[in-house]
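Q: These are the residues of each chain, in order.
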Amino acid sequence: MLETQQLTKKFKDTIAVDDVSLVLRQGESVGLLGPNGAGKSTAIAMISTLMKPSSGDVKLNGKSVLKKPGEMRRVLGVVPQKIALYEELSAYENLKFFGRLYGLSGNKLEQRIDYVLELVGLADRKKELVKNYSGGMQRRVNLAAAMMHEPEVLIMDEPTVGIDPQSRNHLLETIRKLNQDEGMTVLYTSHYMEEVEKLCDRVYIMDHGKVIAEGTKEELKAILSDQETVLIDFDQNYPELFTKLSEIEGVQQATAEEHSLKLIIPKGTRLLAALFHEAERYGAQVVNVNVQTPTLEDVFLRLTGRKLRD
Amino acid sequence: MKAVFLLQWRRFYRKPLLVLAMFGLTVIFVSVTAAGGQSGPQMIPVYADESMNNQQAQTWIERLNGEEQFQFELMPESEARSYVAEGDVSQAVNLLEADYRLLVGREDPARFALDSFLRRIYSEELRLENAEQTTPGIRAEMESALSDPALTLSVESLQGEEDSFQYNGQLQLLFGMTLFFVIYTIMFSLVRIVDEKRTGTWSRMIISPVRKWQMYLGHLGYSFLIGFSQITLIFLLFRFAFGFELGDRFWLLIAIAACYTFSIVALGLLIISLITKPQQLGAVIPIVATGMAMVGGAFWPIELVTNEILLAVSKALPITYGLQALTSVAVYGNGLKAVAIPLLLLLGFGSICMAIAIRLMEWRSAS
Ligand SMILES: Nc1ncnc2c1ncn2[C@@H]1O[C@H](COP(=O)(O)OP(=O)(O)OP(=O)(O)O)[C@@H](O)[C@H]1O
Ligand SMILES: [Mg+2]
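Chains G and B supply the protein sequences, listed in that same order. Its first residue numbered 1, the first sequence is counted upward by one per residue in my numbering. Its first residue numbered 1, the second sequence is counted upward by one per residue in my numbering.
No lab work stands behind these hints: they were computed from the structure. As the structure is a prediction and not an experimental result, all values here were calculated from the model. Glycine included, every Cβ here is placed at the ideal spot set by N, Cα and C. It cannot be assumed that every hint is accurate.
What the hints assert, rightly or not - With a straight-line Cα cutoff of 20 Å, these simulated SDA-like cross-link-like pairs (lysine to any residue) come out: (1) B:Lys-2 <-> B:Gly-333; (2) G:Lys-67 <-> B:Leu-217; (3) G:Lys-131 <-> B:Leu-217; (4) G:Lys-221 <-> G:Leu-303; (5) B:Lys-197 <-> G:Leu-303; (6) B:Lys-2 <-> G:Leu-303.
Claimed, not checked - Just the calculated beta-carbon pair ranges, DEER-fashion: (7) B:Ser-351 <-> G:Gly-162: 43 to 51 Å; (8) B:Lys-2 <-> G:Glu-128: 20 to 28 Å; (9) B:Ala-355 <-> G:Asn-61: 33 to 41 Å; (10) G:Ser-246 <-> B:Gly-282: 47 to 55 Å.
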């Protein structure tokens, strides 16, 4: 129902979005993954008719929205990355205003406010001022505001940044319900892999403005199907040992964290003997070895050579 | 548009402090300062030296007190000097036979009014005396002619007649402070547009079905109305609660207030289209407001300004025309015809600012 065709945005000295073609089908839940600066927000700004593309097109049900943004503005709800609310007003007042922007009034408006407040679990605190809410509650109102006009498509730009686990679970659960129970089409942007794994049927991975991979979760993981991830925990940090291990033949990707090392290797690589041998030489103690099938995080790492989060 | 407009009132209701402060400051400033000044005509000590006998001096005093702008009192020089020295009055007059001297203790806007008043009376008087020497009896003739004129000529002009500058300290203060403080109210409500662009609520509106001009109109409408209400309420308050004499054409004062408010709203929009950072606006707005008020005559009458450059600058400021029009109506009792030009200038100024501002903003958001 919604697609972008070779969408491109050039700023003075960067190409923020480069030849991006996405498709959102009715009722689908699609993830847009990418590290900081990948161009996710810029792409969303163009899709939502906030920003004009340098080239390319955005289509809703086959019709370009660039010249006639009206229909898109009616059916689309956008949850912005930054909390965009009037913080000196209450949640109720904010929602009332955003509902009015879409022509709601009277009873219908009040009912809708009650509904979305219930949805995000803030019905009992609606009279409080937004500035007195916790970060997580503000995020929830931020979502609620985009829901006022019953959008058919909901685009969320990192809606869970900087919130406590409880609010986050609540939010994720809400989005899942909207998608599965109410058939709302969802485009979910994040750099939290777990969220996308949990919520989305299909995933686009963006980096440096380009889509570098797309597919269902399974398809993406199949990129690494002949590989496995080995996670090794040590008793402490051994930088030299870590370097040595990442140079073992067959290791395709190595990431060191404080006391542990993560290696991506082809299936069947005989790693353990070499591992224990080297550990012995450096006097290091291996605490735990864990062999996993790859996650989307690993896929990302493999594709970009970078981690999703810095 | 209605939603955006109504929202601004809701926000005002939740956060009224700034506007109330500007309203309160105007009221406090005007009422305290006006109460500090004497009510009724200002007393001016007058003394003469030996060049004039008591009889002559007394005649002068009567002549000077013939008009009620000032209250002249004859006294010995030492007494007049001590009045001035102790700061009870700002100035005293030393009468000479065909001239006068001002003894000035401290700067007072009234000095210029006093000076021009004395100059007028003196030149009239000296001309009459000259005429009397050639045509005895002309004074009596003139007086009877004046009390029974063959035709009356009423002069209405923008500034009032050039050398009949009337100084009404109370109204000068009221108009000056009102037009000054309302600049803050108006411009800081427009800063909300900048704030919305920063926080993202502006983007939220853009991607809604509401059109951009409706968003602007909602904001501008609010800023206009809040500024206009502030001026109107202050005028009503001072007229009815404080008993200020505002002339017979109150509605015209309100019309002037509306035109002035429009011009300031437009100027504010121009400023926020040029300066897009809220912190910078926090510095720029007070500079603009104070600068305009000083040059445009809100703090002291523009008639006191002699510097050519400042006078030229003042011609480009809406506050100059606002004050001029208000004074013209309230102090000189003029009607709509007399203030039509300043009103048109205010509206023209506003339209130009608004046109430039909208161009600038569109150009910026397109690039
Ligand atoms: N208005 C702008 N002017 C110039 N450059 C911009 C502008 N907006 C974004 N960019 C640049 O475009 C690139 C993509 O930015 P964008 O915000 O779309 O990334 P993102 O994927 O949303 O990142 P994040 O995860 O940090 O939100 C960045 O390099 C950014 O600096
Ligand atoms: Mg972003």
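Q: Take the hints in turn and mark each one as holding or not.
A: Hint by hint, here is what the structure shows:
1. B:Lys-2 <-> B:Gly-333: This hinted pair is violated, its Cα atoms lying about 39 Å apart.
2. G:Lys-67 <-> B:Leu-217: Not satisfied, since the Cα-Cα distance of roughly 23 Å exceeds 20 Å.
3. G:Lys-131 <-> B:Leu-217: violated, 27 Å
4. G:Lys-221 <-> G:Leu-303: Roughly 11 Å between the alpha carbons, so the hint for Lys-221 (chain G) and Leu-303 (chain G) holds.
5. B:Lys-197 <-> G:Leu-303: violated, 36 Å
6. B:Lys-2 <-> G:Leu-303: violated, 51 Å
7. B:Ser-351 <-> G:Gly-162: 43 to 51 Å: holds, 46 Å
8. B:Lys-2 <-> G:Glu-128: 20 to 28 Å: Holds, at about 26 Å.
9. B:Ala-355 <-> G:Asn-61: 33 to 41 Å: holds, 39 Å
10. G:Ser-246 <-> B:Gly-282: 47 to 55 Å: At 53 Å between Cβs, range holds.
Of the numbered hints stated above, those contradicted by the structure are hints 1, 2, 3, 5, 6, listed in ascending order.
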